Structures are given as C-alpha cells and as structure tokens.
Amino acid sequence: MRELKILAVVVFFSLLTYYLVEPYAHHEMHKKVDAQGNEIKIESHDFFYDGKDDIIEAERAGDASKLVAKEAFWADVAAVAKLEGNAAAGEAGFGLCMGCHNGANMNMGGVIPPNLDHAGALYDKNYLIALIKDPAMASNVDHKYADTMMHPMGSIKSMMTDNQQIADVVAYIIENKSGEVSPKEAYMEACMRCHALRYGKLTQLGETPAFKQEKEALAYKIKVIDEQDAVKAYMGKLPPDLSMIIRARSEHFMETFIENPQSQLAGTSMPRVGLSHEGFEKVKAYLTEVCDPSKAQREAIGPIVIGFFILFSLLALLWKKSQWRDLH
Amino acid sequence: MAHFEKAKNLNEWLDQRLAINTLKRVLNTEYWIPKDINFLWAMGMVLAATFGMLVLSGIFLLMYYKPDTNLAFDSVNYTIMSEVGYGWFWRHIHGVGASIVFLIIYIHMFTGIYYGSYKKGRELIWLSGMGLFVAFSAEAFSGYMLPWGQMSYWAGMVITNLFSGGSLELNGLVEWIRGDYVPGDAFLTRFFMLHVLLLPLVIIGLIVLHFGTLRIPHVNNQEGAEIDFKEAADLWKAGKKKESKVIPFSPVFLSKDIFVMGVYFILFFYLVFYNFNFAMDPVNFDPADGLKTPAHIYPEWYFLWSYEILRPFGKDAGLIAFAIAQLALFFLPFIDRSPNVAPAHKRGLFQVWFWVLIIDMIALTAMGKLPPTDPTFAFIGLVSAWTFLALGPILFIITMFEKKIEKGA
Numbered sequence: 001m002r003e004l005k006i007l008a009v010v011v012f013f014s015l016l017t018y019y020l021v022e023p024y025a026h027h028e029m030h031k032k033v034d035a036q037g038n039e040i041k042i043e044s045h046d047f048f049y050d051g052k053d054d055i056i057e058a059e060r061a062g063d064a065s066k067l068v069a070k071e072a073f074w075a076d077v078a079a080v081a082k083l084e085g086n087a088a089a090g091e092a093g094f095g096l097c098m099g100c101h102n103g104a105n106m107n108m109g110g111v112i113p114p115n116l117d118h119a120g121a122l123y124d125k126n127y128l129i130a131l132i133k134d135p136a137m138a139s140n141v142d143h144k145y146a147d148t149m150m151h152p153m154g155s156i157k158s159m160m161t162d163n164q165q166i167a168d169v170v171a172y173i174i175e176n177k178s179g180e181v182s183p184k185e186a187y188m189e190a191c192m193r194c195h196a197l198r199y200g201k202l203t204q205l206g207e208t209p210a211f212k213q214e215k216e217a218l219a220y221k222i223k224v225i226d227e228q229d230a231v232k233a234y235m236g237k238l239p240p241d242l243s244m245i246i247r248a249r250s251e252h253f254m255e256t257f258i259e260n261p262q263s264q265l266a267g268t269s270m271p272r273v274g275l276s277h278e279g280f281e282k283v284k285a286y287l288t289e290v291c292d293p294s295k296a297q298r299e300a301i302g303p304i305v306i307g308f309f310i311l312f313s314l315l316a317l318l319w320k321k322s323q324w325r326d327l328h
Numbered sequence: 001m002a003h004f005e006k007a008k009n010l011n012e013w014l015d016q017r018l019a020i021n022t023l024k025r026v027l028n029t030e031y032w033i034p035k036d037i038n039f040l041w042a043m044g045m046v047l048a049a050t051f052g053m054l055v056l057s058g059i060f061l062l063m064y065y066k067p068d069t070n071l072a073f074d075s076v077n078y079t080i081m082s083e084v085g086y087g088w089f090w091r092h093i094h095g096v097g098a099s100i101v102f103l104i105i106y107i108h109m110f111t112g113i114y115y116g117s118y119k120k121g122r123e124l125i126w127l128s129g130m131g132l133f134v135a136f137s138a139e140a141f142s143g144y145m146l147p148w149g150q151m152s153y154w155a156g157m158v159i160t161n162l163f164s165g166g167s168l169e170l171n172g173l174v175e176w177i178r179g180d181y182v183p184g185d186a187f188l189t190r191f192f193m194l195h196v197l198l199l200p201l202v203i204i205g206l207i208v209l210h211f212g213t214l215r216i217p218h219v220n221n222q223e224g225a226e227i228d229f230k231e232a233a234d235l236w237k238a239g240k241k242k243e244s245k246v247i248p249f250s251p252v253f254l255s256k257d258i259f260v261m262g263v264y265f266i267l268f269f270y271l272v273f274y275n276f277n278f279a280m281d282p283v284n285f286d287p288a289d290g291l292k293t294p295a296h297i298y299p300e301w302y303f304l305w306s307y308e309i310l311r312p313f314g315k316d317a318g319l320i321a322f323a324i325a326q327l328a329l330f331f332l333p334f335i336d337r338s339p340n341v342a343p344a345h346k347r348g349l350f351q352v353w354f355w356v357l358i359i360d361m362i363a364l365t366a367m368g369k370l371p372p373t374d375p376t377f378a379f380i381g382l383v384s385a386w387t388f389l390a391l392g393p394i395l396f397i398i399t400m401f402e403k404k405i406e407k408g409a
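Protein chains in written order, with our numbering: chain C, 1 to 328; chain U, 1 to 409.
Here chain U stands alone, though its shape is the one from the complex (with noise of 0.2 Å):
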C-alpha cells in the first residue's frame, strides 16, 4: 500500500486516494482542444446536458408512471398531468428533451461530416458516434410506447412488423419479440424495461466510449489542421498563449462551452413553456387502439427520413432499403477515400456531395410524412430515396479522385 501523510486539506487527502489532481490536469486543465473551432463544437456538451435533463426527468415520470396497458396512459396524461407537483414540468422536459436531443444529433453529426470528423485517426470517433445515434433510437422508440396513445400502439405494430423479414415471413419472430400476436401488456412492460434500464445503460456506456475516443486523436478543427498537440501545449504552458494552437478545456474552451448551453437553454425551455405541442403527436392523445387504424401512422420527424427509404418500395425491396439507410453512416470514414481532412467548402465535388445529402434527407422526412396517396409526394419520396442509396457509391467514387490539399496557406 501506498503511503499516507496526514493531509492539509480536503483536496489533498482526496488526491492521496484518488489522485484527483492528475484527473483535473488529464480531464480538464490539460486537455488540449485547438482554438480554431466553432460553437458547433459545443454540440457535444449540448447534448451531454440534454441527456442530463432527461435522465433526471425521467427519473421523476418514472416515480408515477404506470406500465400497464390499462394504466400506462391515464399515468401519464391525467396523473403525472394533474396530480403530481409539477409533474407537467417533468413530462414536458421529458417530450420537448426527447426531440430536440435529435436535433442536436444530427447538428453535431452533419458538423462531422462537413469537417470531415470522422476521417483516418478519427474512425472510432465515428463509429462510437454512429453507435450512440442508433442506442438513441431505440431509447426514443422504446419511450414513444410508453404512453399507450393510438401512434404508440400502431408505430409498435408497424416497427415490430419489420422484423418479419418481408417474404421471409418470420412471424414467429414477430411475436417473441412482442411476447404476444399483437403489441400488449407483454410488450409494453419489456420496452418499459429496455427505455428505463438496459438502454439508458448502453447509452452511458457508450458516452464515456465516444469520450475515450476524443482523448488520442483529439478534436478536429475548422480548417482540419495536423496540430502538434505538445508543441502547442508546450507554448501555453510557456504564456504564449496567442502563438499556440490550442486551448484547455478547463477553463477556456468551458467558457465557450457554457454559453452555448445558456442559449441553447433559452430554445429549450421556451419549447417547454409554450411550444410543447411542436414534439407531441395529437394522435397519441387518443388512448391506443387495437381495431381503429389511425388515418396515416407514422413516426416521430426524427426517424421519417429511413421510413421514408422505407416506404417507397416493395416489401423486400423497402426492408433492404431501410437496412442499407441504417447502416450507410457506419461505413462513411471507410467509404470516403480523400486524403484531406478539411472542411467541405475546400474539398470541390465534396462540398456539393455535403449539401445534395442535406437536401435529400429533409426531402425524405418531410415525404416521409405526407400522405402517400398524392401521386406527386410519391414520386419526390422515391426519387429522394434513390438519391440517398446512390449517394454512398457516389461519394466513394469522386472522393478517389479527390486531390490532395496542398495545406499552409
């Protein structure tokens, strides 16, 4: 065992046994960050405190709700509403957080891409990324049943449906994963369980992974510039704090960081007071039922756009479709084959690759919301999801002729 000196104070008896004072220097006073960023970089942050909100409101809905068929929804829209202290204060940080969290995802994911993030060095970051993305859907979903609305009852019915594998019929998989024939009190509980437990878990699990990932390769930049992180480092701790390249974290980088949360929380808590409709399905007020389909079913605007690759197709066809939209993003550091990281406006073809997917996926999710019926919707839908398909072999083409950048200037 280590040996131990009477400490001074609080600080040095915890450093002694934790040696908090390396975890501040590593973690935060000396963990470099370039100076050359955006408050795009504060995304992350944004996104840490979003979860934030929503483990602790969730913490609060989780005391009253009621994972009952026969409960789930008057739980939530007469209990937690009406009788609980400011349970609507909960439950409408807890809706308005749940979308807007998405949002902000695809702000920092799109940020990755038009920086280029994700490229040689930073795969990791990606995948984690992309992992954290997809463990957020399904927390999403899982949580979009828990109300028992008519949307929560019919999306259930139209998700779980997938997994019959188009002609593949495996229907019986269907049903082991509704525990039952149609979405019921087996069904409900286990995604109660998987919305408040397992993938929460997951989640955190892969923040502290996607964290990890940041420490070796380091943020990128604005101009994707190679920066010597310990020359750099080295000029701050010697003053120059204008020559070098970088900033710590704490307090520096922080301060940016913190105001960007300030604003962000003036968006999110306006969204709470007076705009909360805007992440509420009106047709998930109607308490779920199994013999009235709902005039259109479809999802939260967060997922339209893979619905919508979807949707367009046969049922085999639509299912492999919706698989390859799934998992396009995974492969993107390996399908880009560019030798430049930099960002989009300095990378010719890129650039316009950048904005054409851009484009294409608000086309698809709002498509992926119209009613199908109009002859001209469906036309843009499956014309937007071609584009989407072909844009991974697109992109994999023109970044290989892609020359490199001739950087310094």
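So here's chain C without its partners, still in its complex pose (with noise of 0.2 Å):
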C-alpha cells in the first residue's frame, strides 16, 4: 500500500507538471489580446461565411468607413445566397471564368488561376457569391489594395454586375463542378498555386515531373524559381512550404486560419481561400498523409507492442511474487 501512496505522490507531481509546461502555457502563449487587454477568443464557424468576423475586425480597428464597407458587402452576398440560382443560365457566366481558370498554368498578375474542377465541392456557397461580388473583400485582404493595387480577379467585378447572374453561375459550378475530389486534388487546387510541398513533391506549378535529362530538370527548375519569384513578387514573401505544416502548428490554428487568415496574423497578404467544411477535411486529410505518413502502422502496430508490454509486466509480477514468497 505504502508502494501505491508513493506512485500516486509520483504521478501527480508529474502530471501537474506536464499541464503547467504544455496546455497551460500553450494557451497562455497564444493567447490574443485586444487593446484593453481582455482575451480574444478565436472560434471557427465551421466554415461558413458571413463576414461576422470581419465586421467585428473592422469595428475592432475602430475604422468607421470600412466597418460600413464590410457591413454592406455581407449584406449583398446574403441577399444573392437568398436568390434562386438557376444552373444552365449560370452556364453563360462560367464562360466567362474559363478565360482566366483555364488550367494553363499561367501567371496572371502574382498567382497562376487555380483550377475549378472541384470548385463546388471544395468551396463555400456563400464564399464563391463574395468572391465574384469583390474577390479582395471576399478573401479579406482589401487592405492589400487600398491604394493603387488591383486584385488580379477584380475585373469580374465589372464583368458580372447582376445578383441572379452571380446565382446563376454559383449554382452552375455546385451542380457541374463538384464530384468526388481527392485529397490530393483538394490540395492542389486550394494551396497549390502559391505553396509549396516539397515532401509530396509538388510546386507551385504542379507535381514535379521525372526527367531523363538533366538540363530538362534545370530548366524545369527555372521555370519553378519565376513562378516563386512573381508569387513572392505579389504576396510580399514566398508562402510557407506546406510539408510539415500540421505538426509545426495545431489544429485549432489550421482551422481558424484557413477560414479567416486574419484571424491568426493580422495583415497577412494569405488569402481566406473559402474551404467549406469538406473542402477543408479533404485538404487536412492530405496535409497529414504527407507529413505524418506513419499514422496507419503506428495505429497498426501500436496495440501489438503495448499488449506485449502488459502481458510481460503481469509475468514479471507472478516471477516478482514467487520470488518475495518467503522474505516476510
């Protein structure tokens, strides 16, 4: 018994220790303050948008004008999501997508046009009516094009002026451009165009082909080095390569920041890319496979070597008691 009153001393001492040293001081490390320092408490909305988090940014600035701004763009974007789309007159407007989302893989102003293949199974509904509406609003980062600045997508603004139009072709892409999409496509074209994966051996331009040639390879690599420099040329800095991305940061963090960037570093020039719920499980599920690729044998193998050790400790506790027998 004194043995058990010993273990226990030893156990909670450790125990306290491990939670002072890792959750505590992992939410007081992050933890966000706002200007009267009270805790800013970060949530996700499960990846549906409507722009309560940047009206609450814009009042938070204490920025009259944008907090107007904001309040009337979510307003528009709900006033469209309440219209009844229809999917063959949105097929007219889609045309119109297809000049610039055409998967040429050119450059068009910092950041090649990613591909809508799978735009309405990976997106948000209400997120693709914002994007069209005003693509800098959409994905918050209008503070990037306050001045002279265009976003490269803004000309849709002056392309498609009408709110049953945006509907149209926002029930075009969900009827005709979902399907099943794999991880690895939810991938590439949510994070692709500007992040780069070296540990699934993808760029910014795609997956890295083989090559017999060595100059082939070369010159391949220079292709790569000008669509990073014109992405770092726009963004203000090369994105984060992506490989180690869920163990370098939490879960929490991913979620919230893929939903609202702003959220977690304020001023970023990283685009809310408009995930919806499995859009964003999709994306996760690659993320982890490349830079945790051992989870399926650690869960595969795990039981085997901890039920070795169970059954070892039980034999050495019969080996144990049949040795004491006597001593007392």
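These are calculated hints, taken from the structure and not from any lab test. Be aware that a few hints might be false.
[Said to hold, decoys possible] Covered stretches of chain C (in silico footprint by chain U; criterion: 3 or more residues with CB under 8 Å from a CB of chain U, positions within the stretch not fixed): (1) 23–37; (2) 246–255; (3) 273–282; (4) 303–313.
None of these values were measured; they are calculated from a predicted model. In this text, a Cβ means the ideal position worked out from N, Cα and C, and glycines have one as well.
These two chains come separately, so use the hints to put the complex back together.
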C-alpha cells in the first residue's frame, strides 16, 4: 500500500508539471488580447462565411468607413444567397471564368488562377458569391488593395454586376463542378498555386515530373523559380512550404487560420480560401498523409507492442511474487 | 600462466579464462540489496534501460541522418519518417526517450534527496550521479540541435550566447564554440560529433563509475537503517531469509526491477505510439531560419527551471544565478550538516525544506515556459528564483540544528 501511495505522489507531481508546461503554457502563449487587455477568443464557424469576423475586425480597428463597407458587402452577399440560382442559365457566366481559370498554368498578375474542376465541392456557396462580387473583400485582403494595386481577379466585378447572374453562375458551379475529389486534388486546387509541398513533390507549378536529362530538370527548375518569384512579388514573401505544417501548427490554428487568415496573422496577404467544411477535411487529410505518413502503421502496431508489455509485466509480477514469497 | 584443464562445458571453459562465476557472484547473486526498499529504487535500472533504448534507436537514426544545414531538417522529417522502413518508430523512441529519461532522472534525484542517500559515505554516488545529470543535459542539448528546426537554431543561439560571460563580452569565445558568427554548418557538425560520440562515451564511463560507487557503501533503504551487510548476508546464505535484512540483487531484487521496467515500458510505448508530440516542440517543425525569431524562445521542459533562474535577473546577475543553479545540487552532501540518514518525513524541518524544493522547482519550470511579459508570471518567476537560491543556505542552517534521531524504534 505504501508503494501505491508513493506512486500516487510521483504521478501527481509529474502530471502537474506536464499540465503546466504543455496545455496551460500553450494556452497562455497563444492568447490574443485586444487593446484593453481582454482575451480574444478565436472561434471556428465550421467554414460558414457570413462576414461576421470581418465586421468585428473592422469594429476593433475603429475604422468607421471600413465597417460600413464590410457590412454593406456581406449584406449584399446574403441577399444573393437568398436568390434561386439557375444552373443552366449560369453556364454562359461560367464561360467568363474559363477565360482565366483554364488550366493553362499561366501566372496572371501574381498567381496562377486555380483550377475550378471541383470548386463546387471545395468551396462554400456564400464564399463563391462573395468572391464573384468582390474578390478582395471576399478573401479579406482588401487592405492590400487600398491604394493603386488591383486584385488580379478584380475584373470579374465589372463583368458580373447582376445579382441574379451571380446566383446562376454559383448554381452552375455547385451543380457541375463538384463530384468526387481526392485529398490530393483538393490540396492542389486550393493551396498549391502559392504553397510548395516538397515532401509531396509539389511546387507552385504542380507535381514535379521525372526528367531523363539533367538539363530538362534544370530548365524546369528555372520555371519553378520564376513562378515562385512572381508569387513572392505579389504576396510580399514566398508563402511557406506546407510539408510539415500539420505538425508545426495546432489543429485549432489550422482551422481558424484557413477560415480567416487575418484572425491569427493580422495583416497577412494570405487570402481567405473559402474552403467548406468538407473541403477543409480533404485538404487536411492530404497534408496529414504527407507530413505524418506513419499514422496507419502506428495504429496497427501500437496495440501489439503495448499488449506485449502488459503481458510482460504480468509475468514479471508473477515471478516477483514467487521470488519474494518467503521474505517477510 | 595459470594451469588450464580440459573444461567440461562452456561455463567452465569461460570461468577458467574470465572468472565468470566470481563475476556473477560479485555483481549478481551476492551483491546485497537491503530488503526494505520500494519501487523508487528500481529507477536506476529504468534509466539504464531507457539509455539502452536511446543508444539503439540512435544507431538506426545515425544511418540516415545528414549533419548538414541544408539536409538535416529533411533527413529527419522526410527521409527517416517517410522513406526508411520503421524510421518513424526509431525516431519516436528516440524523441520520447530523450524527454522521459529526464523525468526518471528527476524522480531518481529526488528519491536520493528524500531518503538522504547522498549523505556521509555515499557522497560519491551523489557526485557521479550529478555528473551523469550534467552529461545527459549536454547530450540532450546537442541532440536537440540536430533536426535543425527553428527552436534548435534559436536555442543554440541563446545557449552559446551564455558563454559571452555577460558584461565580459567574451564574443571570441562564443564564436570559437560556434565555429562561426551564428550557428551554422560548423556548429551543427561539431554538435553532431558531441551527440553521437564524445558525450555518449562520457555517459557510459560515468554510468560505470556510478555503479562502482554503490559497491562499498551499498544502496540506502527506506528507513536509512545502517545494515551490517556481512552479518545479514550470512543469515541469508544460511537460509534464514525472513530474518535477513538483505536480498541478493539477482534474482530477488531483479525480479522487482523487471516488473517495474515492464510497467514503465507500457507508459513509454503508449507515448511512442499515441502521444509522441508531447516531447516534440511544434516550433521545431519549422526549418531553422536565422532571419526570423520565434515569438517565444524556451528550452525543453527539463531545462526550464534553470532557464527561469537565469531569466528574471539582469545580464550579469542572471548568469551568476544560473551558474549557481547548475552547481548547487553538487554540493548537497556538504551543505546538509545533519547526522541523520533518514527519510525526510522523520527529519522535521528538512521535510518542509524538501517539499518547498519540489514545489519551487515545478513553479520555476512552469514560469520558464510562460511568456515573461506577463507581470504576474514574471513576479512568480522572480520569487521562485530567489527561493531556489535561498534554499541552499537555509538547508545549511536547519540541518546544523538537526538532532540525532534515535534509531531502533
């Protein structure tokens, strides 16, 4: 009994130390506070986009004109969302999108326009509406375009001005551009044009092919560097490689950051990508597969190894009992 | 040369040449251990086993790791984790082992303090153990550099900066240690050498010495009783097991050791398979970047208490306090003036002192990780650091007045 008491003391102090240096310290280190020193809780809205966070941000910044603009913008988005979209009528409008989103891998004003093959499955409906209405506002990077610079997708604003037309295009995308999407495709469509992923052999230009000749490989490398330079010039810095991102950031960070990059990194030029809940799960699945490839093996072998040591301990206990039987 | 006869079996053949029967007797079957000890006395074996796991897993990692600032991060995080069969297994054993070994070292150390196992006659056990603690610390630090992540780089920067000697500004010394103005390739390769060759050799040597120091004063026991080992061993050999106060190391104590080790390995492998992240700082999964300082720089949990003794003071005072913290525990056998070898709960004020020490070290550990910008945390850190520094003189005074305990009851 005495030994169990001692064990309880040892376990208590070990767990106390663990709690203080892990969960508690991490909570304190990543606490965000406003100007008054009150803790700001950053919540995930399960990838539903209604602009609430953007409005709160503008309020906090004390920028009256920005607040008015944000409120008006998201009210507009809500109004369009209420309209019944006609997918058939949206086809023509979608034709406009194909002018840039055509898979030609050409950099247009900073980044390569993403492939929209699964846009309906990956992105939230509200977000798609917002993006067509005003790309900079939708992705919450309007601070970047306050002066003379224009969002590379800015032209869409002048091409689609009619709310019903926007509703139709979005209906078309959701109906025709969904379908089964693999985790890797989800990643490639949503993140790849800015972020390299070297452990998945992916660059901003896509999967790196195998070359027979070194000079071909070098020529391709130069193309990648050129693309990265363009992204760098547009974003301000080259966005980080995401190979290890799942292990380097917490799940909560990933969720809230992808939902609204400004929430965790105010002023960042990373746009809100607009992933839906399902889209996020797919992207996360791919990132996990790349940066934590042993998960399946761990889960298969773990119980066997631990089971072995439980059995080992039981046998050891019996041996100990037999050795100590006559001692007291 | 001795006379050799034809041996009847392998054991005899070996015995003629290596005296293995004598060795077995001296090291195992007639190495006497007090009967009255608890599972805390098995921590030495648990440590030896963990060190074994670290060496074994380290050898496998060594085959694929590249000590080059351009390759190190990916060799650990990609090659070993994705391309080498079961590379992840060895890496997680190594990572978890490196962290958990310190938990066991601390338990082992506090056990020694609680039961007074460092006192007269056993000073060398304590000193060699403290030597091991320092060697393990250096081993852990040099190993932490190797994945070349953000925290590796910046911890390397901060720790080597300590050698500038505060206001002495011995920058030449710092650069000599780094081999460069900032941590770079020369830094990485020399820490690699320290981690895989020199320090493991030092540790192995110290382990042998630590075991050797136990041989004559013998292991302490729960009551701090002075045992006549020869008399007790004779009783045992005469078959009076109940009357004898000792047991042979093998197989009797070993059976307990092995049971404790089994239970420990359940925890160990639970961590390896299901909670390895506890031992791996997320910041270290960002590759080293000399142009981007992490928001908070802090060491691994087992160094936090001494880091916190450094942090609340100014440049020079902090360095002196830090140096005292590193060395203070070495002097424990000489600071404690009490005539008693007894568990803390029998030693009056010493018991209070012991629990204050535990709580103070946990407080220092916690504050060492928390952001110092928070005034409450900074204050608790300062008070805890002063408390730690004061505990030495206090121990000297309270143990000077400690009365001899009447034994035998």
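Consistency of the hints with the structure:
1. 23–37: holds (count 4)
2. 246–255: holds (count 4)
3. 273–282: Violated - the stretch 273–282 of chain C has 0 residues with a Cβ nearer than 8 Å to chain U, which falls short of three.
4. 303–313: This one holds; 6 residues, not fewer than the three required, reach chain U with a Cβ under 8 Å.
Comparing the model with each earlier hint shows a violation of hint 3 alone; every other hint is respected.
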